[in-house]
Amino acid sequence: MAAYTIYMITELGHFALILAFGVAIVQMVVPMIGAYRRLPGWMAVAEPAAGAQFALTALSFGALMWAFITSDFSLRLVVANSHSAKPLLYKISGTWGNHEGSMLLWVLIVTLFGALAAWFGGGLPPTLRARVLSVQSAIAVAFFAFILFTSNPFLRLATPPFDGQDLNPLLQDPGLAFHPPFLYLGYVGLSMSFSFAVAALIEGRIDAAWGRWVRPWTLAAWIFLTIGIALGSWWAYYELGWGGFWFWDPVENASFMPWLLAAALLHSAIVVEKRESLKSWTILLAILAFGFSLIGTFIVRSGLLTSVHAFANDPERGVFILMIMALFMGGALVLFALRAGAMEAKGVFGVVSRESALVVNNLLLAVACFVVFVGTMWPLLAEMFFDRKLSVGPPFFNAAFTPFMVALGLVMPIGSVMPWKRARIGAALWPLRYVFVLALAVAGLAFAMQSGRSMLGPMGLFLGAWLIMGTGVELALRTGRGSNRLQRLRRLPRADWGKATAHAGLGVTIAGVAGLTAWSVDDIRVAQLNEPFNVGSYTLTLTGVEDVRGPNYLSTMGQVTLAQDGREIAQLKPEKRFYPVAQMPTTEAAIDYNLLRDVYVVIGDKQNNGGWAVRTYIKPLTNWIWIGCAMMALGGLLSLTDRRFRVAAGNRDKAQAVVPAE
Amino acid sequence: MKRLVLILLLLATPLMAVEPDEVLSDPALEARARDVSKGLRCLVCRNESIDESNASLARDLRLLLRERLVAGDSDQQAIDFIVARYGEYVLLKPDTRGANWLLWAAGPLMLLMAGGVGLAYLRGREKAGSDGEPPLSDEEQARLRDILRQ
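Protein chains in written order, with numbering that gives the first Met the number 0: chain S, 0 to 661; chain D, 0 to 149.
In case anyone wonders, no lab produced these hints; they're calculated from the structure. Please note that a few of the clues may not be correct.
[What the hints assert, rightly or not] With a cut-off of at most 20 Å between alpha-carbon atoms, the simulated PhoX-like pairs for lysine-lysine come out as follows: (1) Lys388(S) to Lys92(D); (2) Lys345(S) to Lys273(S); (3) Lys126(D) to Lys345(S); (4) Lys388(S) to Lys345(S); (5) Lys420(S) to Lys273(S); (6) Lys273(S) to Lys388(S); (7) Lys126(D) to Lys420(S); (8) Lys37(D) to Lys92(D).
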């Protein structure tokens, strides 16, 4: 009997999913009508419905996770993506390491954000809140339908096999276990900005308060996207075995485009909040940012653009997502076209001002996103319209995308110190003069130390130094003059600290990317046992190679001694693994991490005439890339916890008073 | 069983991208080969260059490229040689022929257009201050901020 109940859990999960679908339909329809007819009772349906929807979806997701943890091989999905010998962590992460489960995670997060908006949205005007929750639920309805009709994770097998086919071994990694949830929190978090935009368009009113409400959601989504992308990039760096961190793969681009637009949206929402301008542009950005999330889902799920990430290539599913995308984007954009004209800007400002600096920021980010979009879609377009089968790879993106980031980095510190409304270029540049000279000196030093190579490294270091020190100047300016400056610095709003941290973080990342790209050294050779060889200023010795058995793999593990100036620095253990169930080999590079450089060692095949193939890389400043990303995420977090959001979220009565009476 | 697995292990595809036996003895030539192969796509892989790929076809292409370079081809000649055999699909950096100019010009053109619209908008905002109703004074703005902050 007990065993019977346990097997029922899957059925309960399935049932909960169908129920959640029903609740979502109610939440989509009833509050919308309620808001239109001003019926408080109908509008009030949204809040409990959002909570119930989330609880049911969580139950359903929990049931699927339970099936993975207990290796319930009567489920088709578990058979295809799990194995009884797999470590627990990867049994859990296997829940979302496949198409059906990842879509369930997607919709779980949609409902999570809906529920959060219901719980913390007490300060919103009732009609706006009802509409936001209704639009959010419409998104959930579309994805519930997608899951139930094309990608049901709860399908059973009539004759369960004894064991599963295992998860793709490349995905069995701690970095990657948490990469999808973060990425999805980001992708789907943008649905909240979308819902706010559409609800405001239906409402026909956008004011400073709207800018304040939409910003925390966008910030949260952007933070999660930042972490998700950084985790994915870090994983690619140590797992794929040649130490690259970004490949301009269609799926990476799919996550990068919403990130760029969310960054733009964050900044334009500030202008809406503080200056009541850029309203229609901000609304459009909110719609497009989520649109790119949907495009990303479409790209990954349809298999239209093939990639390592696409684990389910199925035209039927692709068409379904295309329909969802057309429906939401088309609907939102039509609504935008009808209503955008009514959103008149109020703030007045000069062509040179903080506002215009933020416009430039938006311009550069949006055009950069456009370049990535065109590059990603071009192979498809060229084949469809010009009958040319071609590739668009990293060299294109590096050439076409980088200039926009360079321009952005150059103007950022200047824009940050400009006052609102009206500024003078000269007055903004003057306090930055020392920083400019110092940054040039850093670049000059780098140029002198490298031997006649490209300008990429020095330029990157210049930008990094300019950004990092620029934020220092900005913080110093914020404290005014005279005594007590330290105290004032401590009392600066968290939003200011957040801005400084995030901007400096971008500088750190840029410096890291430049260092890695410009000064990376690699060495490929046959290493004989106990015969030292030199790479750069390091001496490496392969002292042994042994076969090791892991929980669900076999490993050939090398033992490499890393030394510099005759002193041993580290023992490295590069591995070559083989996963027998999936019949797949993977490399596990051994890396000696360091703030200034990574030494990255990969072991290859045994050679016929003795020795082992070994690749060694010296990768300068690599960790700065991810430290910078962490700083950007931390900056976002600081900004998110700024007092003005906490007050708005925590105190309903006061927040209510914020809504301007019309 | 363990033995079978070990046999499988040995049969598994090689994991290295560039193998030591491919490396040319002339370091300058090898550096050129590495550089060029970073721009050539491994045809059977997903978005990998032949420099990164472990596929045997990528290895063949790497060897072919090195043969051409050793034979005295310039980088461009070697690339043309491979493109003539495998099509432009092999190029990770598309050329600017035909409709491809659109791809390359997309960013700059968009920047120009968006920049124009942006500038017009900024001008409009500035002008709105000179005619039309007067903007709030600083004092009024401060009061407004206080009210909003409460």
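Hint-by-hint comparison with the structure:
For the proposed pair lysine 388(S) and lysine 92(D), the alpha carbon gap of about 13 Å is at most 20 Å, so the pair holds. Between lysine 345(S) and lysine 273(S) the CA atoms are separated by roughly 11 Å; this keeps the pair inside 20 Å, and the hint holds. With a CA separation close to 12 Å, the supplied pair lysine 126(D) and lysine 345(S) stays within the 20 Å bound. For the proposed pair lysine 388(S) and lysine 345(S), the alpha carbon gap of about 50 Å is over 20 Å, so the pair is violated.
For the hint linking lysine 420(S) to lysine 273(S), the alpha-carbon distance of about 11 Å falls within 20 Å, and the restraint holds. For the proposed pair lysine 273(S) and lysine 388(S), the alpha carbon gap of about 49 Å is over 20 Å, so the pair is violated. A threshold of 20 Å between alpha carbons decides the hint, and for lysine 126(D) with lysine 420(S) the separation of about 13 Å falls inside it, so the pair holds. The straight-line distance between the Cα atoms of lysine 37(D) and lysine 92(D) is roughly 10 Å, inside the 20 Å bound, and the hint therefore holds.
When each numbered hint is compared with the structure, violations occur for hints 4, 6.
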